[in-house]
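Colleague: Reassemble the complex: the two chains are provided individually, in unrelated frames, and hints are given to aid placement.
If you read the sequences in order, they're chains A and B.
Residues 1 to 296 (this note's numbering) make up the first sequence, in order.
Residues 1 to 205 (this note's numbering) make up the second sequence, in order.
Hints may contain errors.
No farther apart than 30 Å at their CA atoms in a straight line, the calculated lysine-lysine pairs in the DSS-like style are these [to be verified]:
id: 1; chain 1: A; residue 1: Lys82; chain 2: A; residue 2: Lys174
id: 2; chain 1: B; residue 1: Lys69; chain 2: B; residue 2: Lys45
id: 3; chain 1: B; residue 1: Lys69; chain 2: A; residue 2: Lys198
id: 4; chain 1: A; residue 1: Lys31; chain 2: A; residue 2: Lys174
id: 5; chain 1: A; residue 1: Lys136; chain 2: A; residue 2: Lys198
id: 6; chain 1: A; residue 1: Lys242; chain 2: B; residue 2: Lys69
FYI, nobody ran anything at the bench for these hints, they're computed from the structure.
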Amino acid sequence: MTTIISVPFSLDEHSFEQIFDQLAPIPPDEKILLDARRTRWASPFGLTALLTVAQTRLERPALAVPEADDTTSYWARASFFKHAEALYEISGRVPRSRQSSESSVLLEVTPVVHTQDVHTVVENIQQRARAILQEKLHLQSTVTMRFTMALSEICQNVIEHAGTGGWVAVQAYKWQQRLGGRSVVVISVCDAGMGFRKSLESAQGPRPTDRWGDGMALEETVMRGVTRFRDPGRGQGLAGVKRFIGNWNGKFSVRSGTARIAVVPEWDQDEPMKEGLAPFPGAQVQITIPERMQDA
Amino acid sequence: MISHIDVSTVLKRSVCDLYSNLVTRPTGAAVRIGIEHHLDEIGDKALAVLDFSHVGLLDFSCADEIVAKLLMQYVSVDIPRREVYFIFYGMNESHMDAIEAVLERHDLAMVTQLAGCDAQLTGCVDREQRTAWEKICELGSVLPADLADATGMPADKAERTLETLWRRRLVIRQESGYSPVRGANVGRGLLDGPGTPGGTGVEAS
Numbered sequence: 001m002t003t004i005i006s007v008p009f010s011l012d013e014h015s016f017e018q019i020f021d022q023l024a025p026i027p028p029d030e031k032i033l034l035d036a037r038r039t040r041w042a043s044p045f046g047l048t049a050l051l052t053v054a055q056t057r058l059e060r061p062a063l064a065v066p067e068a069d070d071t072t073s074y075w076a077r078a079s080f081f082k083h084a085e086a087l088y089e090i091s092g093r094v095p096r097s098r099q100s101s102e103s104s105v106l107l108e109v110t111p112v113v114h115t116q117d118v119h120t121v122v123e124n125i126q127q128r129a130r131a132i133l134q135e136k137l138h139l140q141s142t143v144t145m146r147f148t149m150a151l152s153e154i155c156q157n158v159i160e161h162a163g164t165g166g167w168v169a170v171q172a173y174k175w176q177q178r179l180g181g182r183s184v185v186v187i188s189v190c191d192a193g194m195g196f197r198k199s200l201e202s203a204q205g206p207r208p209t210d211r212w213g214d215g216m217a218l219e220e221t222v223m224r225g226v227t228r229f230r231d232p233g234r235g236q237g238l239a240g241v242k243r244f245i246g247n248w249n250g251k252f253s254v255r256s257g258t259a260r261i262a263v264v265p266e267w268d269q270d271e272p273m274k275e276g277l278a279p280f281p282g283a284q285v286q287i288t289i290p291e292r293m294q295d296a
Numbered sequence: 001m002i003s004h005i006d007v008s009t010v011l012k013r014s015v016c017d018l019y020s021n022l023v024t025r026p027t028g029a030a031v032r033i034g035i036e037h038h039l040d041e042i043g044d045k046a047l048a049v050l051d052f053s054h055v056g057l058l059d060f061s062c063a064d065e066i067v068a069k070l071l072m073q074y075v076s077v078d079i080p081r082r083e084v085y086f087i088f089y090g091m092n093e094s095h096m097d098a099i100e101a102v103l104e105r106h107d108l109a110m111v112t113q114l115a116g117c118d119a120q121l122t123g124c125v126d127r128e129q130r131t132a133w134e135k136i137c138e139l140g141s142v143l144p145a146d147l148a149d150a151t152g153m154p155a156d157k158a159e160r161t162l163e164t165l166w167r168r169r170l171v172i173r174q175e176s177g178y179s180p181v182r183g184a185n186v187g188r189g190l191l192d193g194p195g196t197p198g199g200t201g202v203e204a205s
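Bound conformation, chain B alone (with noise of 0.2 Å):
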């Protein structure tokens, strides 16, 4: 399931419908919550788009009450809550700022996805990582093998990393393989426009 939440909605609902500015920590906490009862409702594995694009200004408290500790709660700790993937969309630089620096605090990574652009790692990834990550996006699905031959990585050093990976919820782990986390292809009716106006901010397919 791929669930789209429009973070200035779910500001607009939580705290303040004249708001457009993620700013203080108290505020952080409310979008926080707010989108913990969205991912609530939407089932035990799913994806989930955080669309950035109508929200004004993000500082660094408010980046990591939203960003920081609602990554670490679903990939962080050895039993997440449940399997949520984040794809963090429609950053703007400025946002960038605040969520890379909350990222390098806390150990943590992400993938984002600006409009119109592929998705990305952002955040504190090793090499090894990258290359696989990347190497995922390129070929679509993978296995360890996959992996390996196109890496020439060992076998057991690739099943390694893309377990990591997953872990840290950067890929998905399906039967068929390891696939890469992003938006565009499967979620671009829903990234094209602003939450519905009145709305949750919430959009699911």
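Isolated chain A, as found in the complex (with noise of 0.2 Å):
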């Protein structure tokens, strides 16, 4: 039997719950189909979460491509498809990949596995970075270093927590409403690993709170830079992170589990803690930056 798992017209960190939400009854060897055909638009979020779906199940799933060509093309260019089709049975028409120097894709997505993964992803960033991200989003050059350090240290919690791969993606917009019609740039870093509670607890075991779930493991890790590691030192590249995200005004995310943690910045009405939430293993990461207004 195959269950029908319905895409979201538009494929973002929230609206991505609906499909983590069908997920949830389902037993991994069950076979999956993901419909996508109605969809129109996904964010770096949804492209990479949906790899990360598919990670977890036993059987091959199914993936029925958008039917809106323009859609699929923008897929193409973010390398969705090289890496869709590793993983599930693809049904639909999928374009030919086409760089395009226009592109606004600022990292396509990318597999994370290995340390010089990471290398890659910050020279390949660092070469389109002046164009998008100081040009369109006036970011000045030292925080596109700080942007890339961010990007560096979510991907490295890749490798040393999840225990699995995960995938990278970055993409630069112009909101339409929001801000004011600002530009943004969106990182999005997914995994089907271990999960924060399950990195913690594989060091010290389960807290001996009632407390203790999710919700607090993502509390400890990602406010208060607790790690598993003994080592002193560690734990500073989530909160670096969090510190950068905070003088420049933006807003980090990070699912795990059943539980999703943000730092929120006043231009956003998101919940800083849901608790709750269908279990999905790894963690998932989103970081956003608005763009720089002149007299800001």
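Modeller: Below, the structure written as structure tokens:
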């Protein structure tokens, strides 16, 4: 039996919860078909999380690709299909991937498995950072460096904590309605590994408190820099990312297991903590950096 | 002995000659080990100028592996490996973000020098240590009595402060007194250019 999972029209970190909700009751060895035929848009979170979903299935899943040519064209430019073809049985028309010099794809969907992948991500993004981050988002070159540091640290978290590989993608957008039409750059890094709670438990076991769970594990790691390593130098990566996001009025969210924590700027109405979400392995991270206004 | 170590060259030799960014812990550990090998060859008392001028990005993990762990071996133990003083040279603003974060985390301090600028004290030092360090830079070389006279510190406190700065390898202790750790005058010729292409990244004078 194949269970059909309906992919939302617009796929981002919030609407993806609809997919997690549909997946939760389905055993991992059961065949699923993700029906994205009516999907018109996907954020980096949407694309990287879709690949992550496939990694959680024991039976190779199927994916019906979007029917809209401009959507599939973008997904191809973002290298989504290049990786999806290895994970999904693809149905529908997949355009040939073309690189465009006008593309606002800052970093195509890229696997993060080994240390050298982090070097590749950093080297690749630096090549395009000047055009997109500095010219479009009016970020100074020093901010571009800090942005890349944040990206590096988040990718390393996958390698060190997930126990499996993950995916990263970066995209710049111009928001039509929010933030007065400002441009933003969005990073997403998703994996289907052990997640934050199990990572902490691997060193110290569960905390002796009724509150212990995915939400508390996220609070400890993201907000307080706790890590499973004894080395006191550990835990600085996420702390540094959080500091950079705060200084730059950005947004930072991490979903792991059944909880999601967010550092929320004043321009967004997201909830700082959500618990009781549909369970999903690993960690899914999103960072949003808004354009710096000239008078800011 | 003064040793100039081009960190970018050590990266290329230790990890991959295509890399210009100091990112990830394994990369940082490999570069630190490369630097330690150079330090093993430069004698029991030396000044090492670690040149970051040609490093692209330095992330927090790499800063922890290279800067913090290197300093902890040479300045934060009762019996350090050898009497090695460091000047961290040529960092940019984003390098300093990562470095300052790890110094704070480990309660460390170091001497930094940006191109064309005077040496600075960076990291965790108390007010008295900073005052003493700045006075030493101003006077060139001091004995405890000189510091006490110049700052109004009690003599025993001046002596303790200088000893602490020396133990932290923020000043050099010599028979003639305590001198500032700085590289501009002693290493100008070494600091002006990158390491020899294809070389070890280490020059000594």
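Colleague: Just to be careful, I want the Cα atoms of lysine 69/B and lysine 198/A compared with a cutoff of 30 Å; is the pair within it?
Modeller: holds (28 Å)
Colleague: For the pair supplied as a hint, lysine 82/A and lysine 174/A, confirm whether the alpha-carbon distance does not exceed 30 Å.
Modeller: holds (26 Å)
Colleague: Holds or violated: are the alpha carbons of lysine 31/A and lysine 174/A at most 30 Å from each other?
Modeller: violated (38 Å)
Colleague: Hinted pair, alpha-carbon criterion (30 Å max): lysine 136/A, lysine 198/A. Please report holds or violated.
Modeller: violated (40 Å)
Colleague: Given the hinted pair lysine 242/A and lysine 69/B, is their alpha-carbon gap at most 30 Å?
Modeller: holds (23 Å)
Colleague: Next pair to validate is lysine 69/B with lysine 45/B; report whether the Cα-Cα distance is within 30 Å.
Modeller: holds (19 Å)
The structure does not agree with the numbered hints 4 and 5 stated previously, though it agrees with the rest.
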